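Undergrad: Make the full structure from the sequences, and use the hints.
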Amino acid sequence: MPQLNPEFFVSQLFWLAVFFTFLFVFLWRVSLPRIATVLEKRQNKIDENLSSAKELQEQAMEIEKKINDQINKAKLETDEKIKETINALQEDVSSQLSSLDKDLEKKVSDAEKEILKSKDDQMKNINNEIINITKLTVGKITDIELSDNKINKVIETHKGNFN
Amino acid sequence: MAAKDSPLKQFEIDPISNIELGGYDISFTNSSFAMLITVLVITLFLTLTVNTRSIIPSRMQLISELMYNFIAQLLSDTVGDNGKRYFPFVFSLFMFVLIGNMVGMIPYQFTFTSHIIVTFALAAVVFIGVTILGFINHGIKFFTFFYIPGVPFYMHPLLIPIEVISYLSRPISLSVRLFANMLAGHTLLKVFAGFVVSMPFFTGVFPLAFIVALTGLEILIAFLQAYVFAILTCLYINDAYHLH
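So the sequences go chain by chain: A and B.
Going by my numbering, the first residue of the first sequence is number 1, and it counts up by one from there.
Going by my numbering, the first residue of the second sequence is number 1001, and it counts up by one from there.
One or more hints might be untrue.
Straight-line alpha carbon distances no greater than 25 Å define the calculated BS3-like cross-link-like pairs of lysine-lysine that follow [said to hold, decoys possible]:
#1 Lys117(A) / Lys81(A)
#2 Lys81(A) / Lys66(A)
#3 Lys45(A) / Lys1084(B)
#4 Lys81(A) / Lys102(A)
#5 Lys124(A) / Lys102(A)
#6 Lys1141(B) / Lys41(A)
If you are wondering where the hints come from, they were derived from the structure by calculation, not from laboratory data.
From a predicted model like this one, the values you see are computed outputs, not experimental measurements.
TA: As structure tokens, this is what we get:
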């Protein structure tokens, strides 16, 4: 078996030492640090992206919260406004209604008074006319001149029959 | 020297240029050439593929990163945080054995991992390094590694020698495992290749098909043995930190 022939043992050991030492030093000093920097760079990039994504997500959540707050606030404000407007309108309407009521009442009472007054006037006129007519007819028929008071007395006693 | 068509002929070492240093023969041989190819493949691949240092890797860069992460994961799983500083060594060892095995799978190419002296030297470096590490970490207490707690006292005269022997046989088992796997695989391939030639007519197709399947298996073994070499190194490093 050639493996057990010691003729080239020294040569093999020597070249093994040379090549393996060279390989070890080269990988240790050149190749492996290169790969390590690449891996580190990539990991850093990934971490960076992840953290910025997280940050953005937080910001988005914050903005969403703000929007919701504002929507709620706006809702409350509109509710308040609607209520206020309704109240104001109701007050307005009721005050106008009451003033209308007053107006109407006054107008009604005025009208009543006027009616009463015109009725009185008419009654008075009717009285006078009756007196005059009575005076004239009595005067023409009998030549008796009746005083206003006498006629009035007779009218008063028979008033119940007219009404 | 083996016969001309012996399956072991592929393991013979041929000097390419004769060099002598201090009375020792350190000829540059086909074995040294295979090592040179291996080292060049590893260093060029790992350097050139990561040359752009891009965050989004190319396919080739991804292979380098996968190998890096594979060994880094292996070390952190077996040794933990202490293992980080041995990463360059374990990685070099893994790549050297892996690519050495793979280069050996190229037809007519020499397989230096099929030589016991090479694998033993690598295992000895691991063994001596780990032993020194154990003494640095634990001082004289490192010898308690051979003392198994929780065993009846009369068992210790038996168990301590067993533990010592098993510890001392680590470099042998580590080196022979790799050497024997490579030797057996390549010998088997050569034997079946001989059948292809010597069998009559078209029946040589059958051993040829077997060779194809066996080559796949050999590539798997090439990777597996490199992995085993690396993981055992990691376990030994772990033992140097954590005694029983």
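Undergrad: A separate judgement is required for each hint: does it hold in the structure or not?
TA: Hint-by-hint comparison with the structure:
{"no.": "1", "hint": "Lys117(A) / Lys81(A)", "verdict": "53 Å, violated"}
{"no.": "2", "hint": "Lys81(A) / Lys66(A)", "verdict": "22 Å, holds"}
{"no.": "3", "hint": "Lys45(A) / Lys1084(B)", "verdict": "23 Å, holds"}
{"no.": "4", "hint": "Lys81(A) / Lys102(A)", "verdict": "31 Å, violated"}
{"no.": "5", "hint": "Lys124(A) / Lys102(A)", "verdict": "32 Å, violated"}
{"no.": "6", "hint": "Lys1141(B) / Lys41(A)", "verdict": "42 Å, violated"}
Of the numbered hints stated above, those contradicted by the structure are hints 1, 4, 5, 6, listed in ascending order.
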